[in-house]
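Student: Listed below, chain by chain, are the residues.
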Amino acid sequence: MLLTIFWLVIEKLLLIGLIVSLSMVVAMYATYAERKVAAFLQDRIGPNRAGIFGLLQPLADGGKLFFKEEIIPLASSKFLFILGPCLAMITALLTSAVIPWSTPLHLFGQDVPLQVADINIGILFIFGVVSLGVYGIMIGGWASNNKFSLLAAVRGASQMVSYELPMGLALLGLLLLVGDLRMSVIVQNQIEHGWHIIYQPLGFIVFFICALAECNRTPFDLAEAENELNFGYHQEYSSMKLGFYLFAEYINMFISGVVMSCLFFGGYDIPFVNEASWGISQNALAIIGFLVMLTKAFFFVFVFMWIRWTIPRFRYDQLMNLGWKKLVPLALFNMIVTAAVILWLKK
Amino acid sequence: MTWLESIYLWNIGKGMLITIKHFFKKKATIQYPEQKRTFSQVFRGLHVLNRDEEGRERCTACGLCAVACPAEAITMEAAERQKGEENLYREEKYAAKYEINMLRCIFCGYCEEACPKDAIYLSQTFAPANYGRQGFIYKKDDLLIPDPVKDPEGYKKALGERAKA
Amino acid sequence: MNITHVLFWFLSVLALFSALMVITSRNPVHSVLWLIVTFFAISGHYILLNAQFLAIVNIIVYAGAIMVLFLFVIMLMNLNKSTEPKKNRWLQWAGAIAGLCLLLVLVAALKDTEIKGQAAQVNEGEIGLIKNLGKELFSTYVVPFEISSILFLSAMVGAVVIGKASPNPSEGRA
Chain H
1 MLLTIFWLVI EKLLLIGLIV SLSMVVAMYA TYAERKVAAF LQDRIGPNRA GIFGLLQPLA
61 DGGKLFFKEE IIPLASSKFL FILGPCLAMI TALLTSAVIP WSTPLHLFGQ DVPLQVADIN
121 IGILFIFGVV SLGVYGIMIG GWASNNKFSL LAAVRGASQM VSYELPMGLA LLGLLLLVGD
181 LRMSVIVQNQ IEHGWHIIYQ PLGFIVFFIC ALAECNRTPF DLAEAENELN FGYHQEYSSM
241 KLGFYLFAEY INMFISGVVM SCLFFGGYDI PFVNEASWGI SQNALAIIGF LVMLTKAFFF
301 VFVFMWIRWT IPRFRYDQLM NLGWKKLVPL ALFNMIVTAA VILWLKK
Chain W
1 MTWLESIYLW NIGKGMLITI KHFFKKKATI QYPEQKRTFS QVFRGLHVLN RDEEGRERCT
61 ACGLCAVACP AEAITMEAAE RQKGEENLYR EEKYAAKYEI NMLRCIFCGY CEEACPKDAI
121 YLSQTFAPAN YGRQGFIYKK DDLLIPDPVK DPEGYKKALG ERAKA
Chain D
1 MNITHVLFWF LSVLALFSAL MVITSRNPVH SVLWLIVTFF AISGHYILLN AQFLAIVNII
61 VYAGAIMVLF LFVIMLMNLN KSTEPKKNRW LQWAGAIAGL CLLLVLVAAL KDTEIKGQAA
121 QVNEGEIGLI KNLGKELFST YVVPFEISSI LFLSAMVGAV VIGKASPNPS EGRA
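These protein sequences, in sequence, are chains H, W and D. Heads up, the first sequence stops at 347 in the numbering used here, and the numbers go up one at a time, no gaps. Heads up, the second sequence stops at 165 in the numbering used here, and the numbers go up one at a time, no gaps. Heads up, the third sequence stops at 174 in the numbering used here, and the numbers go up one at a time, no gaps.
There could be a bad hint or two in this list.
Unchecked claim - Label pairs and their computed distance ranges (CB to CB): (1) V13(D) <-> E69(H): 31 to 41 Å; (2) F24(W) <-> P312(H): 15 to 25 Å; (3) E69(H) <-> Y32(W): 45 to 55 Å; (4) L91(D) <-> T2(W): 53 to 63 Å; (5) P201(H) <-> S148(D): 30 to 40 Å; (6) I30(W) <-> L246(H): 23 to 33 Å; (7) P201(H) <-> I30(W): 26 to 36 Å; (8) T2(W) <-> P312(H): 19 to 29 Å; (9) L165(H) <-> S25(D): 23 to 33 Å; (10) E69(H) <-> L102(D): 45 to 55 Å; (11) P329(H) <-> K111(D): 46 to 56 Å.
Unchecked claim - Computed from the model, here is a short list of chain W residues facing chain H with C-beta under 10 Å: (12) Y8; (13) I18; (14) I20; (15) F23; (16) F24; (17) K25; (18) K27; (19) Q31; (20) R133; (21) I137.
Rather than coming from a laboratory, the hints here were simulated on the basis of the structure. Values in this document were obtained by computation on a predicted structure and should not be read as measured data. For each residue, glycine too, the CB sits at the ideal point set by N, CA and C.
Looking at chain H on its own, in the form it has when it is part of the complex (with noise of 0.2 Å):
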C-alpha cells in the first residue's frame, strides 16, 4: 500500500517535472518564433546571429536577463513587488496539471497516465487558476506603487474578469454535448464521436477570441497599451522578474493552445485514421498522439502571433463591447441552440 503510494508520488513528481520543463523550453522558444514570425510577416527574417538560424537567441536573452540589475523601486512594497511575477509565473505553469498530454504509457508493467490529475472538475479547474492568473498582473502592478502600472493592472484585470465570462459560456454549449467536466472525457468523446469544432463552430470562435484576450495578447493587450501607458504593468520591473512576466505570458499562450487542442481539435487524436489498429506498441502510440497534441498547440500558438502582428490594438472601450454586447449574446445563443439541439434529438 505504502510503497504503491510512494510510485505514484514519484511517477507524478516525474510527469510534473517534465510538463513544467516542457512548458518552460516551450514558452522560451515561443519567444524565439514570436520574433521569427514578426519579421516573416514582414519581410525580414529575424534573429539569425546566435546558433544557426538564431537557434541559441532564447538564450542569450535569458542570459541578458538574468545579468540585468534589479531594481525594486524604493516607494514599493516590497514583498508584493516580489510576489506578483511570482503569481503570475505560478498560475501559469498550474494550468497544464489537468491536461491529458496523451494515451497511457506502458512502462514497468503498468499503465502511466500522462496527465497530472485527471480531476472530475478539469475544465473549471483551468477556469479557477486562470481567474487566479489577475493577481500577477494586479499584484505587481499596484505594488510598483507607479500610476502606469496600476492603471495597467486595473485595465488588464477588468479585462480578464470580463472575458472570463464569455469564456465560461460559451464552453456550456460543448459541456452540454459531452456531459463531463473531466478533461480525459471530452477527449475521449472527441476521438469517438468527432471532433467537437464540427458540432461548436460558434463556440470555438468565441472561446478564441476570449482566449486572446485572457492572455493579454494583440490585440486585446491593453495593459500594455505602451502609447498611452508606457510599458504597462511591468514597467518598474527589470531583470529576471521582468523576465518573468513576459514568460508567463508565453506559456499561458502555449497552455491555451493546448486548451483548445483538448476542448474542440481532438487533443491527441489523429483526425480520419483509426491509429488503434496500425497494431504498433502503446508506447509508440502515445508519443505519437504527444507529438500530434503539440502539432495542434504550436499550431495555435502560431496564429496567435499571426494574429498579433496582423491586428492593431482595440481602443479600450471597443474591448468591452465586444466582451459584453457580443461575444456574451452569442455564447448565449450558442448554449440555448445546443440545449434546444440535444433535447430535440434524445426526444
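Fit chains W and D to the known structure of chain H by using the hints.
Tutor: What follows is chains W and D alone, placed relative to chain H:
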C-alpha cells in the same frame, strides 16, 4: 456598420490573409557585414585626401573646398613647402592642418567639385562609429589616402571604384 | 495522524490566521490579499471533504472575481495610513458589541446541535461532486435556486439601468 462588420471577423480575416502572403514572400534583408549592397557610381561617403602617383599630397590648401562647403565642416591651415619636402607635397603650398567635422558634414560633394587639384574626393566608405564627438573630427591623418609607392594595396583599396587620379 | 489530518490542521490554522490578519492588517490591500488566502484555505477544506466542485467554484467566484473587484476599488481609492479617518470611539464600541452578539448567537446555535452522529465524510462524500450537486439543486432545491437566480437577474438589470443613466444624455458615448 452592419452587425456583421461590427464583430470585425470578416475584415480581420482579410487582414490576416494579407499578412500570411507576406510570410512566404522573398525577404528584403541584406545580411550587412557579410553582404553589402552595391553602391551607385555617384555615392558620396567619407572624404579622402588624394595623392599623386609618386605619393605626394595633391592638396595646396587653397581653401576653395572650405568656401564651397555649405555646412562649414572644413577647416585648414596652409604652410609653405620647405626644401627637401618635394617628395611629400606636390606644390609649394600645402595643408599643414586639414580637418573635416563629420558631424557637420552633409556629404553634398561640393568640396570635391570645388577642388582644382583633384585633391579631395568622397569615397564609398561610410557609417563611422565612435565613442566621443571628438573622434568625428577627422584630422589629416585620418583623411589621407595610403601612399601608392609604399602601400600600393591600401592605396588601391582606398581609391575604390572612383579612381580619378 | 495520517496525511488528511495534517492537511486539515494546516488548513484550519491557515484559515484562522489569515482571517485574523484580514481584520488586523493596517493596509486594506493586504487585508484583501489575506482574505484571498482565507478563501484558499476554505477551498482546501472543501477538497478534503471531496467537494471538488464547490472548492473550485469558491475560488473562481470569490477569489477570482469578487476579490478582484474589491482590490480594484481599494487600489483606486488609494487608502493610505495618512488618509485613514479618525474613527469614532462609539462606533468602535458598537462594532465590538455587534461582533460579540454574532459570536454569542453562533455559539448558542451550534451548542445544541447533534454533531456526534454526523462525522464529516472526509475523502468519500459524493455530494459535493458536480453531478450530485446538480441533481440536488434542480430537484429538491429547485424553487430557492430559481428564486436566487431571479434575484441575480434583477441585480444585473439594476446594474445596467444604473450604468445607462447618464446625467447629460448628449454626452453619452455610442
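Student: Starting from the hint list further up, note which numbers the structure goes against and sort them upward.
Tutor: Those not satisfied are hints 3, 7, 20, 21.
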